[in-house]
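> Chain residues, written in single-letter form:
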Amino acid sequence: MVAATSRVPVAKTYKIYIDGKFPRTESGRYFPLKDDEGNVIASICRGSRKDFRNSVVAARNAFAAWSAASAYLRGQILYRIAEMLEGRAEQFVAELVLQGVSKRRARAEVDATIDRLIYYAGWSDKYQQVFSAVNPVASSHFNFSVLEPTGVVAVIAPNDSGLLGLVSNIAPAIVGGNTCVVLASELLPLCAVSFAEVVHASDVPAGVVNILTGFRDELTEQFASHMDVNAVIFCDGDTDVSRDIQVLAADNIKRVISRVDTKWSEDAAQNPYLIKDTQETKTTWHPIGS
Amino acid sequence: MSINRPIIFPKTNSGNFVSTEPNKLAFNDGWQYAPAPESTDHVTIDQRYKLFIGGEFVAPEAGRHFETINPATEEQLSSVALAGEADVDRAVKAARKAYNGVWSKMPASERSKYIYRIARILQERAREFAVIESLDGGKPIRESRDIDIPLAAAHFFYYAGWADKLEYAFPGRHAVPLGVAGQIIPWNFPLLMCAWKIAPALACGNTVVLKPAETTPLTAMKLAEVIRDAGLPPGVVNIVTGAGETGAAIVNHPDIDKIAFTGSTEVGRIIQKAIAGTGKRYTLELGGKAANIIFADAAIDEAVEGIVNGIFFNQGHVCCAGSRLFVQESVADEVIRKLRDRMETLIVGDPLDKNTDIGAINSASQLETIESYLKLGQEEGAQMYQSSCAVPDRGYWCRPTIFTGVSQSNRIVQEEIFGPVLAIQTFRTLEEGLSKANNTPYGLSGGIWTDKGAKIFKMTQGIRAGVIWANTFNKFDPTSPFGGYKESGFGREGGLHGLGAYVRLEA
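Protein chains in written order, with my numbering: chain U, 1 to 290; chain L, 291 to 797.
I should point out that these hints are in silico values taken from the structure, not numbers from a laboratory.
Bear in mind that the values here come from a model prediction, so they are computed numbers and not experimental data.
Do not rely on the hints blindly, as some may be mistaken.
Incomplete in silico selection of chain U near chain L, CB under 8 Å [as the list claims (entries may be wrong)]:
hint : residue
1    : 133
2    : 138
3    : 230
4    : 237
5    : 239
6    : 242
7    : 243
8    : 246
9    : 247
10   : 268
11   : 284
12   : 285
13   : 288
Covered stretches of chain U, going by a simulated chain L footprint (3 or more residues, C-beta under 8 Å) [as the list claims (entries may be wrong)]:
hint : region
14   : 248-254
15   : 277-283
We put the CB at the ideal spot given by N, CA and C, even for glycine.
Build out the structure end to end from the sequences listed, making use of the hints.
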C-alpha cells in the first residue's frame, strides 16, 4: 500500500510578454528573485535590448488597428482586464505576499489596481469630449481639434509598486489608443508577468501591451533612445537618470514624461491628464461654402 | 460691354515649355502689370537698435552690433544690438522681478487689458509694421499686410481674453503660471511668431525674454515700442536680439522656467538635450515636410491653387509648407500641366509691390541652402522645372521650382528645404497615398483635396500630423491650435490648447 503524501505544487515559469506570446528572453539570461531569507522565489528573465527591439516592432505593428479601434471597444477591453484580474485576485495577493508585502496591503493593492482599470475603462469614450474643441476661426472654415494617440510608448514602470504602479501607467496609455512596451519593476517583477497573462486573456490584441523584466541599468538607455518609440515614461530614478533619458530621447524628439515621486495608491494618481500625456492634438480645417 | 480677352500661348525664356492648355490666359507677353509699390514714406527705421530690457531700451554690455539687411536689395537697413550672456542675464532678472513683483500678483482681468492694448496698437500701426516686415524679411507686402500683421494683432486679442478665464480651460485643475519664459523665434513670420509666443505666455501670467531671429529683428523691436507705449509694467516683456549665441544663453540660463522654441528640428534636438535634467518645461515647434495629396475627384483648378499656396506662400519659408505633392496617377499629367501654367503667371520680385506673388529669399545663406538642394535634386536624377520669370539683379531670389520623377528616398523628398521647391510624386490607391504621405519623420501638417466627404475623413484621420487642411491649405487663426507630431515637435500654439504650454496644473 502506497503511503499518502502531500501533493507537490507545480511552480510557474515567469516569462516575458512580446507580441501576444510568452517567450523566454532571447538572451537566455535570468536573475534570481529571492525572498527576505534569501530563498529563490523564481528565475526572472533578464530581458535584453534585442527583446526590447522585438517588442517595439510588435507595438508598432499593433498601433494602426488599436488606435483605430472604437473608444467603446477599448473601454470594454480595459473593463475585461479588470474582470480577469478580479477573478485571479488571490493569485496576485499571494505573489505580493511572496515578495514581502503584508497580506492586508497586498489585498488593498490588488483591489486598487482593479478599480484603476475600471476608472480608465470609463474614460475611453469621454476624454476626447473633454479635451477636443471646435475652434471659431475668423475665416469661412469649419475647424476642429481632436486628440490622437502619440504612438508607441516606452514605459519604465515604478520599482516600488509592482502591480498598481505598473497598471497605473499602462492603462492611461492604452485606453487612448497607444501601444506600449513596459519594463517591469526590477524588485517586484512577479505581478507584472502574471498581469501579462491577464492582459492576454482579455481580448487585448497582440502587441498592444508588451512587458519585459530585466535590469534598468541595462535597458533604460534603449527605452529612451529607440528611434521608433514616440514617447518615454519613467517613474523613478535620480536626476542623472532623468537627464540621461531626456538627452537620449531628443534624438527623435520623443515626448518625455516623468512620473517620479507619484504615490500610486492615492486618488491623485489617476486622472485624465495622464491619458492626455500620450495624446497629440490634431486640428483639421475645411472650407464652408458650396 | 464685351471684353475681348487675348488668348496667348506662352513663349518662355527657356523655350522648353509649351502649354497644351487650350484657351489659356497667359500673362507674360499679353498683360503687363505696372509697378505698384507700397509707400515707405510713413515708416522710420532707426540706424541703430538697442535691447529692450526692464521697460527701457538699453545698449548691449559688450557694445556689439550686427547688420540687418533688406534681402531684396542687399542694402543695410539698420544695425542691431547683439545680446551676450550678461545682457540675457539682465533680461532674465528684469523678467523675474516683474514676475514676482507685479505680473503674478496683478488681477487676471487687469493683465488681460494690457494684452488687449497691445492688440489695438498693433492694429493702429498695422501698415507700418507690414512695410517693415517686408523690408526686413523679403515677404510680399500682400502677405505681410493681409496675413502676418492682422493675425499677430488677432492673436494678442484672442489670448487677452483668456487671462481671467483660465479656470474654464483645464477641467478639474487649477492653472498656475510657470514663471519666466525664454522664447526663441524664427525669421519666416517675425512679428506673428512674437505674437504666438508672447500672447499666451502673458495671458497665463508669465513674464518673457524673447529673442527674434538675427535676419529679421526689426518688427520685434517695433513691438517693443508698442509694449512700452501700452504701459506694460517694466520687465514683463524683454526682447534681446542676437544669433545662436544669444539663444544658447537663454536656453542655458538657470533662472528660466520654460523654453519655447520655433525653428529647425536640428536646433530643437540641441535644445531638448541642453535642457535635459534642468526641470525646465519646453515646447518645440520644429520642421516639416508636409504632404499635399490630390485625388482624381478633386476640383482640379482649386487644387492647383492650393498647391501654389501650399508651397510658394512666403517663398516656401513655411514649416508647414506643402512641399511634397502626391497626385493620383490618373490626373497627374493634367495637374502638373496646370501647375506649370499657373507657375508661369507668378510674379517674383519687389516685396513691396502689391502685385508680387513671391518675394525675396530671406537671406544669402538660405538661398545657398535652397540652391544646394536644387543641385542635389538634379544629381539624384529628378527632373527640375522652374518658371521662366525674370528676377531682379540684386537681392536673393529663387524662381518657383518643381521636381518630378522623384522617389521616396530622395533627399529632396525627405529633407526640409524651406524654399519654393516642390517634389511631386504620384499614387494610385488611397492606401498608397496615405502610406507615402506618412513616410517621413516629420508630422507638422498635411493637405488633402477631394470632393468625397468620406475620403476626407479617412485621410485626415490617417495622416500623422498636427494640422490638416482639407480642400484648403496654409490657413491660420489664433483660435486654431498649431503644432506637430513626431519630429516636428510638441506642444501647441493657438487656441485653448495653446494655453497648456504656459501653465502648470495643480489638483
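> With a cut-off of 8 Å on the beta carbons, see whether residue 247 of chain U makes it to chain L.
4 Å, holds
> For the restraint on residue 133 of chain U, tell me whether the closest CB of chain L is nearer than 8 Å.
6 Å, holds
> For the restraint on residue 230 of chain U, tell me whether the closest CB of chain L is nearer than 8 Å.
Holds, about 7 Å.
> Hey, does the residue 288 of chain U contact hint survive, CB to chain L under 8 Å?
10 Å, violated
> Given residue 284 of chain U as an interface hint, is its Cβ closer than 8 Å to any Cβ of chain L?
Holds: closest Cβ of chain L sits about 5 Å from residue 284 of chain U, inside 8 Å.
> Less than 8 Å between beta-carbons is the criterion; does residue 242 of chain U satisfy it with respect to chain L?
6 Å, holds
> Are residue 243 of chain U and chain L close enough, Cβ to Cβ, to be under 8 Å, as the hint says?
3 Å, holds
> Identify whether the interface hint at residue 237 of chain U stands, where standing means a beta carbon of chain L within less than 8 Å of its own.
11 Å, violated
> Interface hint check: residue 285 of chain U, Cβ to nearest Cβ on chain L, cutoff 8 Å. Holds or violated?
5 Å, holds
> Does residue 138 of chain U pass the interface hint, meaning its C-beta sits closer than 8 Å to a C-beta of chain L?
6 Å, holds
> Under 8 Å between beta-carbons, do enough residues of the region 248-254 of chain U, three at least, approach chain L for the coverage claim to hold?
With 5 residues in contact (Cβ-Cβ under 8 Å with chain L), the coverage given for the region 248-254 of chain U holds.
> Tell me if the interface restraint on residue 246 of chain U is satisfied: Cβ within less than 8 Å of some Cβ in chain L.
3 Å, holds
Going through the hint list in order, the structure does not satisfy hints 4, 13.
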